[in-house]
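Please build the complex by placing chain H on the supplied structure of chain A, with the hints as guidance.
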Amino acid sequence: MFPRHYIKLAEGLPPRLTRFFARYPPQAILPPKEQEAAAQAPSPFKPHKHPVTGKWHNPVFSLRRQAELVKLARQHGVEELLPHTVKGTEERIRRRVENGLRVKGTGVGQRVKGKESERMLKARLEKRRQAMLEMPKMIQTWKERGHGRGWKKWPK
Amino acid sequence: MAKKAKSRTIAVRLVSMALTGYYKTMIRPRTHRPLSMLKYDPVVRKKVLFLEQKRGGR
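Read top to bottom, the protein sequences are chains A and H.
Take 1 as the starting number for the first sequence in this note's numbering and just add one per residue.
Take 157 as the starting number for the second sequence in this note's numbering and just add one per residue.
Heads up, some of the hints might be wrong.
Each computed DSSO-like pair below joins lysine-lysine, with the alpha-carbon atoms no more than 27 Å apart [said to hold, decoys possible]:
#1 A/Lys-143 to H/Lys-195
#2 A/Lys-153 to H/Lys-210
#3 A/Lys-113 to A/Lys-137
#4 H/Lys-203 to A/Lys-156
#5 H/Lys-162 to A/Lys-152
#6 H/Lys-202 to A/Lys-122
#7 H/Lys-203 to A/Lys-143
In short, the hints are calculated from the structure, not lab data.
Here chain A stands alone, though its shape is the one from the complex (with noise of 0.2 Å):
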C-alpha cells in the first residue's frame, strides 16, 4: 500500500485534512495504476458539467472553505498536496505582482499615477536648484548695474 512516511504525515494532520485527501487523494502519491483514474476525477474544487445533463453544477468546496482547506494545509505543509485553486498561494502571489495592492499602478512594471504637483516636484525642485546656483552671479550683475537702474530682463 503506501510508503510509511505517507501513513506518518497522514497521522499528524487534523481530521478535516485527512477526511478531505481520502476522499479525493492526491495523484502525486497514488500508485500508477489509480493515476489515469484520479486524473480523469473532476476537481472537487472547479464547477463541472455533468456527462449526461450538460447541466453545470457548483464546485464540491465552496470558495470560503476551498480557502480554509489551503490554510490549514499550509499550516502542515502539505499545500501541494491539494487540487488547483485560486486560493492557492502560488495563485494568490501571482495576482498579487499582477495587480499589486488594491490601489491601481502598484504591480509590477506598472506606476501610481499621482497628483500633478507629485509628478512635476522633481522638475521644480530641479529649476530652483539652477536658479540659486545662477544666483551670486545675477546679484553680482545687478550691483554692477547700479541695483536695477540698468536691468532690463524683468520677469514676466
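Positioned in the frame of chain A, the structure of chain H alone reads:
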C-alpha cells in the same frame, strides 16, 4: 463723464528670482523706476534677488 484720476502710487509685486513662487507686494510711486532688492526667501532660506514683475494684463 470725466475719467477717474489715476492714483499717485501703485502696488507692485516683487517675485523671488529663486523661482520659488514666493513674492512680496510693495507700493511705489507710479513714476518711479521698477523696484528690485535683496530680500529673504523663506522657501530656500536665503537672501535672494527680488525683481518687480512686469505689470498689465493680470
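How the hints compare with the structure:
Between A/Lys-143 and H/Lys-195 the CA atoms are separated by roughly 14 Å; this keeps the pair inside 27 Å, and the hint holds. Restraint check for A/Lys-153 and H/Lys-210: satisfied, since their Cα atoms lie roughly 10 Å apart, inside the 27 Å limit. Our distance criterion of 27 Å between C-alpha atoms is broken by A/Lys-113 and A/Lys-137, whose separation comes to about 38 Å. Of the supplied pair hints, the one linking H/Lys-203 and A/Lys-156 holds, its CA atoms being roughly 21 Å apart against a limit of 27 Å.
About 26 Å separates the Cα atoms of H/Lys-162 and A/Lys-152, which keeps this hinted pair within 27 Å; it holds. Taking the CA atoms of H/Lys-202 and A/Lys-122, the gap is near 21 Å; set against the 27 Å cutoff, the hint holds. As the CA atoms of H/Lys-203 and A/Lys-143 are separated by approximately 14 Å, the hinted pair is consistent with the 27 Å bound.
The structure does not agree with numbered hint 3 stated previously, though it agrees with all others.
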